[in-house]
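Enquirer: Protein chains in written order, with my numbering: chain A, 1 to 220; chain B, 1 to 620.
Errors might be hidden in some of the hints.
DSBU-like cross-link-like pairs, simulated, lysine-lysine; straight-line CA separation at most 35 Å [claimed, not checked]: (1) Lys-195/A with Lys-216/B; (2) Lys-515/B with Lys-527/B; (3) Lys-7/A with Lys-527/B.
The following label-pair restraints were derived from C-beta to C-beta distances [what the hints assert, rightly or not]: (4) Glu-101/B with Leu-94/A: 49 to 55 Å; (5) Asp-479/B with Glu-154/A: 55 to 61 Å; (6) Ala-76/A with Ser-95/B: 47 to 53 Å; (7) Lys-143/A with Gly-397/B: 50 to 56 Å; (8) Gln-149/A with Ser-218/B: 57 to 63 Å; (9) Arg-432/B with Gln-149/A: 33 to 39 Å; (10) Gly-42/A with Leu-472/B: 24 to 30 Å; (11) Arg-432/B with Gly-42/A: 25 to 31 Å; (12) Asp-320/B with Glu-147/A: 36 to 42 Å; (13) Arg-46/A with Pro-10/B: 28 to 34 Å; (14) Lys-143/A with Ala-543/B: 57 to 63 Å.
Since the hints were derived computationally from the structure, they do not count as laboratory data.
Built from N, CA and C at the ideal position, the CB exists for glycine as well.
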Amino acid sequence: MYRVLLKLRKGEEVKYLSHRDVIRAFEAALRRAGISVAYSTGFNPRPRMSFGSALGVGVTSDDERIMVELSCPEHASHITEQLNAVMPTGMAILSAEEVPAEVKSPISALNASEFRVILRSDGCTPEGVKAVVEELLAAAEIKVARERQGRASEVNIRPGILEIRVSPGTESTVLVDVCLKTTETGGTRIQDFIKALEEQTNGLVVESVHRIRQYHAEDT
Amino acid sequence: MKKALDLILPHVSKPARYTGGEYNAVTKELPGDGIRVALVFPDVYEIGMSNLGVRILYHILNRRPDTAAERVFAPWVDMEAEMRRHRMPLFSLESHTPLKEFDIIGFSLGYELTYTNVLNVLDLAGIPVTSSERDENCPLVIAGGCCTVNPEPMADFIDAFVIGEGEEVINEIVDVYKHLKKGSRQNLLRELARVDGVYVPSLYSVSYNENGTIDKVSPLEDGIPSRIRKRLVCNLDSAEYLVAPVMPFIETVHDRIPLEVMRGCTRGCRFCQAGMIYRPVRERSYEKLLELAEVLVKSTGYDEIALLSLSTSDYSRIEDLVRELTARYEPQRIGLSLPSIRADANCVELAHEIQKVRKAGLTLAPEAGTQRMRDVINKNVTEEDLLDAVEAAFRCGWRRVKLYFMVGLPGETDEDIVGIAKLASKVVNIGRKMGFRPAVNISVACLVPKSHTPFQWRAQDTVEEMERKQSLLRQNLRDRCISLSWHDPRISQLEAILARGDRRLAKAILLAWQKGCKFDAWDEHLKFATWMDSIREVGLDPAFYANRYRTYDEVLPWDHIDCGVSKKFLAQEDHRADLGETTPDCRTGRCIGCGMQGMLRRHHQSTQVVANVPCVAETA
């Protein structure tokens, strides 16, 4: 078994794709590139791949991770080149590395993400946002309403927040850099964080949401 | 536009429907006098992107250095609401250009229940919906697709219809447009009407008899053909086909390589419009298909190749083709599928053969429950064929089969309805005998008599009668292995009205749309009562179109549209249906005189090819 770990960009052009759509587009690119992926066995064989935490619709990223198992060895640099030649505009392989078979999937070790949320400064000030953020961090619980398949529920997003930094951006923007846990249980979705922010600030306009990196945070 | 979209798209479902930017999408710079064509499929993206015709035309137009074709689909209701709220005009996916700025807007009309969406699309683009309100500042609005064999109900909205296959005529239309775009709209339409296969409805007048039927349809000017002959592509090998189709990001109805193996069908099922209007049968050569498959596998990255046609198992080298494609692509994990196969054991085994990569469901279409009914519709499948097919399927490992039936067929009795249940039970019993409980799904549609078919004169059952038959069938289906799904009879009724309507119906379509009808094919959006009211409000009677038995000497609204199959032949077939007599497939027997020979002879004369060609195009 040969494994490569790829880092994928999900750019502005493809930001409205769902996590599933990104996977499908990536799979089609693999076939166009003629890269021989290993398949699962069974009734409906699937390419053997694993992904990092799902990225929401509307969010861009410079660090989507994909682990692909290959049926024959190929150089990581070769794969990058082959794939980038047949990628849709907005998607690109940023780096690739071969992963020895004995190494545990590095993707499963990723449990946190750093996001950059850009706010339009005509709806807020850096000081105002800072105050709201401090208030949020001071609270024991941050409840956010969620709706899934028509059913309403409430989640507490406070335990999933690791760190928030607010800084002035350009003249017209305010930057919020936020680190969130992305584990299955106890993780916080960036959309829910933004919702909490919006609920505390009138007239907030979100210009963009971007995942800067995925990483391993200790003690989560 | 991008900024404006960013305000809207986070609030709509499936925003990737509206962004474009897919792999193989074509964005290009045009010379100053270049022609911009918007290809519009008047339903949602997922459905439109599965349409082969639109994808072929997109490719053909974008090959021209002087033309750019871009795609437009009907926005779903949530997107429409946002667009109207933000006063955002409908735009193309490739360059996000407002539809109004295009030179030509070409609609694909494949289903009558998208007609209100056509009006809605024009309105969302800020373009007047009726042709008479549009001037030189508006795009030329044309339409093609199988619905145009009876274009009349849409006559008020479409400037010019293309009748038949579009691969060649689309270029001729662009050429005429390019030449005359600076002149008057009237002059442009007049010249378009002279192009073979193009119908400009405003250049014809229709007069009516006192009983509401048509007296005659006549051209208003000299030099305009009194009958419009459909276009057909003689040789599929030399016809343009897809090279690098756009790869949708989101899941669509059919995510696979569409490999059209042949066009036309000579089986002669009497209800089937496609089987009549796409004659003659033309096959792509085995070599050409292998070549196309290779190109498309490389350019798309799809993991399935669908062998498309009206009856793929009739392709003369189907076994060779399946064997070779399997040998080439199985190692790459690219599967094959046969969406349309005959209900017999050989075909089922063939379908099994191709399932090496991925397992799919099996669908068979006996269409009717009794032999008498199958003879009436000329479905040359016997009960033995079907049961053998099912046995073969179970032997090959399928445990679930789907059976298609139709009700409302001519001369149908309650016994024929009960016959569907009996046949389904026999299918279940085959499985039981083999030691398992199969899942048998029965899907029942209601006959929609269509123009250019032997049943074009027939009355459709009323909605009440269709519902009665539905409950009769349900009462007779007691087996838990059998599940039943039923097409909404109201949708079938509306389809029947529009499919055989005349141009007076255009007023009803307009009114229905003004009252909020759109996405009529979607159960949750169909406003049937509003539709019926609209038809009555403009002084028409729904039953006149749907439930009336027409006589053979009546002038039908589509008589001036020549699809090659003669009215005499259709009447003969309709009569044989009454007698319960079948007509053999002319591919294996003698010529049955459907009229295609005559059209081909005229076609070849006009293109200076030697006459006397066989009706079934010979294959390599």
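Enquirer: Any of the earlier hints contradicted here, and which numbers?
Expert: When the structure is compared with the hints, numbers 1, 3, 4, 5, 6, 10 and 12 turn out to be violated.
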